[in-house]
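Undergrad: One-letter residues, chain by chain:
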Amino acid sequence: MNELPLSITEQLNNILQSILYVVPETALAILFLLVIITGLLLKKDADRFCQLLSLFGLVFVFQRDVQQLYLILSGPKFLFNNMLLLHHVSIVFKLIFEALAFLIVVYVPLDEQLKVHKKGLSDLYAIIIAVVFGLHLMAMSVNLLMIYLSVEMVSIGSFLMVAYRSENRFAVESGLKYVLFGFAASATMLYGMSLLYAFTGQLDLFNGQFLEQLIHLNPVPVSLAILLVLTGIGFKLSFVPMHFWVPDVYEGAATPIVAFLSTLTKIVGFALLANFLTPFIFFSHWTAFDFRLFFSAVAILTMVTGNFAAILQNNLKRMLAYSAIGHTGFGLMALVTFSQQGVSALLFYLLVYALANIGALMLCSFYAGKNSMLTVQDLRGLGKTYPFAGVCFVILLISLTGLPVSAGFNGKVLVFSAVIEVYRQTHNIWLLALLVTGAVTTVVSLFYYFKIPLYLFLKSAENETELPAEKKQTFLLIIIGLLSALVLLIGIYPGFLSDLVR
Amino acid sequence: MDHLLTLLIFTPLLFGIVLLLLPVSLRNSFKYLALAATIVQLVLSGWLYFHFQTGASFSGINHAEQYQFAEKLSWISLSLGSMGKMQIDYFVGVDGLSIGLLFMSSLVMVVAVLASWEIKTNLKGFFALFLLLDMAVIGVFCALDFFLFYIFYELMLLPLYFLIGMWGGVRREYAAIKFFLYTLFGSVFMLLVMIGLYFSVTDPATGNHTFNIIHMMNPANYVQGSIFSTAHQTLFGFPARSLAFVVLFIAFAIKVPVVPLHTWLPDAHVEAPTAVSIILAGVLLKVGGYGILRVCFSIFPEVATAGAFWLGLLGVISILYGALNALAQTDLKRLIAYSSVSHMGFVLLGIASQTTEGISGAVMQMLSHGFLSAMLFFLVGIIYVRVHDRYIYNFRGLAKLMPAFTVFVMIAFFASLGLPGFSAFIAEAFSLIGAFTSASVNGLLPAWMAVCGSIGILLSAAYFLWTLQRMFFGETRLSGGENWRAALTDLNFREKSALIPLALMALIMGILPSLVFDKINDSVLALVHLFR
Chain F
1 MNELPLSITE
11 QLNNILQSIL
21 YVVPETALAI
31 LFLLVIITGL
41 LLKKDADRFC
51 QLLSLFGLVF
61 VFQRDVQQLY
71 LILSGPKFLF
81 NNMLLLHHVS
91 IVFKLIFEAL
101 AFLIVVYVPL
111 DEQLKVHKKG
121 LSDLYAIIIA
131 VVFGLHLMAM
141 SVNLLMIYLS
151 VEMVSIGSFL
161 MVAYRSENRF
171 AVESGLKYVL
181 FGFAASATML
191 YGMSLLYAFT
201 GQLDLFNGQF
211 LEQLIHLNPV
221 PVSLAILLVL
231 TGIGFKLSFV
241 PMHFWVPDVY
251 EGAATPIVAF
261 LSTLTKIVGF
271 ALLANFLTPF
281 IFFSHWTAFD
291 FRLFFSAVAI
301 LTMVTGNFAA
311 ILQNNLKRML
321 AYSAIGHTGF
331 GLMALVTFSQ
341 QGVSALLFYL
351 LVYALANIGA
361 LMLCSFYAGK
371 NSMLTVQDLR
381 GLGKTYPFAG
391 VCFVILLISL
401 TGLPVSAGFN
411 GKVLVFSAVI
421 EVYRQTHNIW
431 LLALLVTGAV
441 TTVVSLFYYF
451 KIPLYLFLKS
461 AENETELPAE
471 KKQTFLLIII
481 GLLSALVLLI
491 GIYPGFLSDL
501 VR
Chain R
1 MDHLLTLLIF
11 TPLLFGIVLL
21 LLPVSLRNSF
31 KYLALAATIV
41 QLVLSGWLYF
51 HFQTGASFSG
61 INHAEQYQFA
71 EKLSWISLSL
81 GSMGKMQIDY
91 FVGVDGLSIG
101 LLFMSSLVMV
111 VAVLASWEIK
121 TNLKGFFALF
131 LLLDMAVIGV
141 FCALDFFLFY
151 IFYELMLLPL
161 YFLIGMWGGV
171 RREYAAIKFF
181 LYTLFGSVFM
191 LLVMIGLYFS
201 VTDPATGNHT
211 FNIIHMMNPA
221 NYVQGSIFST
231 AHQTLFGFPA
241 RSLAFVVLFI
251 AFAIKVPVVP
261 LHTWLPDAHV
271 EAPTAVSIIL
281 AGVLLKVGGY
291 GILRVCFSIF
301 PEVATAGAFW
311 LGLLGVISIL
321 YGALNALAQT
331 DLKRLIAYSS
341 VSHMGFVLLG
351 IASQTTEGIS
361 GAVMQMLSHG
371 FLSAMLFFLV
381 GIIYVRVHDR
391 YIYNFRGLAK
401 LMPAFTVFVM
411 IAFFASLGLP
421 GFSAFIAEAF
431 SLIGAFTSAS
441 VNGLLPAWMA
451 VCGSIGILLS
461 AAYFLWTLQR
471 MFFGETRLSG
481 GENWRAALTD
491 LNFREKSALI
501 PLALMALIMG
511 ILPSLVFDKI
521 NDSVLALVHL
531 FR
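The listed protein sequences correspond, in order, to chains F and R.
Those letters in the first sequence? Residues 1 to 502, by our numbering.
Those letters in the second sequence? Residues 1 to 532, by our numbering.
Heads up, a few of these hints could be off.
[Stated by the list, open to error] In the DSSO-like style, the derived pairs of lysine-lysine whose C-alpha atoms are separated by at most 27 Å in a straight line are: (1) F:Lys384 <-> R:Lys496; (2) F:Lys44 <-> F:Lys115; (3) R:Lys120 <-> F:Lys459.
Treat the hints as calculated values from the structure; they're not laboratory data.
Given the structure is predicted, the values throughout are model-derived calculations rather than measurements.
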């Protein structure tokens, strides 16, 4: 089947050349080892040193990412015999990963439930770095084998993170659920991939042969194979109906881990999906499986399910989990435009969503303290005790809802613009349905997001004596304040961020 | 002089920031700071009003260069990849439609600050939110860029939610979220139409897409084959432009409010503190009427003409339904809330007639109702603060107890029911004349609508006079007994100084309506010209 005679020297040359283009990934791998060793060698201050090391490392990697932007000025670059594809969008995704991972590494020791962990936190930093490494690969992989490897790399790391805190039954349960569902999803995806390989004899998505072979086959089995692959990706993205693990896992895992799962692994799902879909979208003879129809339906379903289910939640983290599902649906809406503008709108939307979501979860940590089951009712009257935190919460929620003046509003405007513009060109009725659903679910989201200010400010505490003592979490509050200010700033001047993600 | 509008819009924000930086120990000074902000604003808008030039070359509406005190700065420029840039301007300016509303809003804001003397808790939060709301409201009336307009429009919601929810009555939480959800429901769809319009319209000078409302009014600026171009595009099988008009109209009709989208209003009014009720009735309802004129009618004139009958019908229903409901109320504040629904119906009826008289009457009614409803809610607030009760049958013979108060109530009631000599008479008369002549001028509204409108005036006379009789005349009998009698003191200096300007404005506008009509006439003519 493989008629191309590939000489060993050619392959080796390709690999040697490719190494120049994976500096950030190499750096991450070294950083991972360094953090582990530091954690092992140092006993007393291991946590703090590992954290500092990770932070410096991430800044270094970020800077290397920026340099990569100049490497690909001449165009996208395939690496390691078409295993990876380095292009502008994947670099922007990597920049987003580094920035968000930095935030989360800062956040980890500020959570009181993680801080008291008896194993210490140094291992967690190592896992986070390893997962970020996996995220990098995921955002670049364009080969079925590579996709599977990178997905597994991220999954195994995430399993460890979710189960990191295992002192109570609930955390163990959520960890186990995540592992079981995760493996099932991976297995399904692998099955789909092996079918695709069997149909085409190709693992390389961008190889012309791959699609040429597929279009000559019966569309039913091909669609089935693609559906199976999408199931695996959907697990990472948590779109409906692959969302059922989300609320339980988010409820049980430590809050900084939730921040990681709800932002980084979700965003990488979009990166992977974009990579996977690109060859199909740009292949003009592709008719077997209507991706726009499929993802429009999934997006509508996801937005509706996520937002309506969130109304029923009392547990704060569960509510944010369902709202995160809703945001996935909104992100898919940007993706189904299959346009360059849609992708930049998606990047903008995801980044501002992530900033606001991490901020909101930090506030959960702040209010929860050692109480792992924080409900909305627990917030009753706390807005008056901690006015600064309350105001920040409102700002972040405005952004999550998508009201002006906030970063989230601009993200929404960009996504709507992309969809409307593509509608103008294609007159696809699904795009209109998406727009209407997006608008309606915005109103729905207001209803549950504003339960939080309702309890913070509108309802007064039942008895004043029960107020918790003043907390000394100034550093956490400063970070929350900075995030809120950033969200407002992007709301008023979105220009600098949108130029970045273009 | 060039930056007067910017100064007018952001003065409250500036004072608000100063207020936030002051320590809580100075909490007694907060209300004076807010009062200073609104008085500065009043002086500025007064200056603008008297320097507002009139004449055919200053009519505004669809001529950007005819707007006065205009200011245009490039604000956001979002890159959209292959589709060029999303250009959003900070573009403000006033014409005859907005100048009167600016002055009216500024005065009502002063009164609202005077009414917030009753607020005792968390003063910093209250006045900070109040000033933010003030900024947003003035911004809406000045904005000529749709994006800017939308931002100010949405920015009003958040402070109002907290103002009603934190300082309101017993069911404040319900009223606050209901108001928020209702308005947001209208405005998210407005957002979609706004973006659709953006991609349909280009700036003739640069060829880029634009949010400029004035460019949206010119059919020549629409891109061939775009969603809202004049050609017969459809959305879900409906003509796209009609659908867009309906969506925008619903968004603004919720604000006006037009029956059957009015149900948030009685709840919000009843639960809101007096100051917020004053702003709601005095200013926010006008945002709806103003939006219909500035956005719906100006951008989609042909749809407005085609649907004029239905708009007029909604106006008539609002007038009658509001008035009948007001008759049935036993809570004084609820009664006045429903009377607002009824009176705002005249605005819609006048606008729908699309005649010069009708639209002039509608604009006049917005101004008149702004002053009068502020006065009415202030008066209700006075009773409520004293005895914490508003139930009509719990009071009787208040005239003997509070003579000065009763004088103001009578002025407000008689002015509101359309007694000649007061502003509401002129406003309602012109709206009805518009509705009457419409049959012969443009044939849009049947004459029976004007007749039904007149019945609305009759009903408003009924509920106002009946209330006057029930609460103020006869022997003094109070359900709270001696405690109430002691508590119900007559007006103090602060209350008088808030009521007198409002009463004077209603009187002046009634006697010298030309003070207003001269300023708005050119713009109204230009607007009517759009419909031809």
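Undergrad: Does the alpha-carbon distance linking Lys44 (chain F) and Lys115 (chain F) stay inside the 27 Å limit?
TA: Distance of about 14 Å is within 27 Å: holds.
Undergrad: Next pair to validate is Lys120 (chain R) with Lys459 (chain F); report whether the Cα-Cα distance is within 27 Å.
TA: holds, 17 Å
Undergrad: Lys384 (chain F) and Lys496 (chain R) were given as a pair; does the straight-line alpha-carbon distance stay at or below 27 Å?
TA: Violated. Lys384 (chain F) to Lys496 (chain R) sits at ~35 Å, over the 27 Å cutoff.
Hint compliance for this structure: hint 1 is the single one not met.
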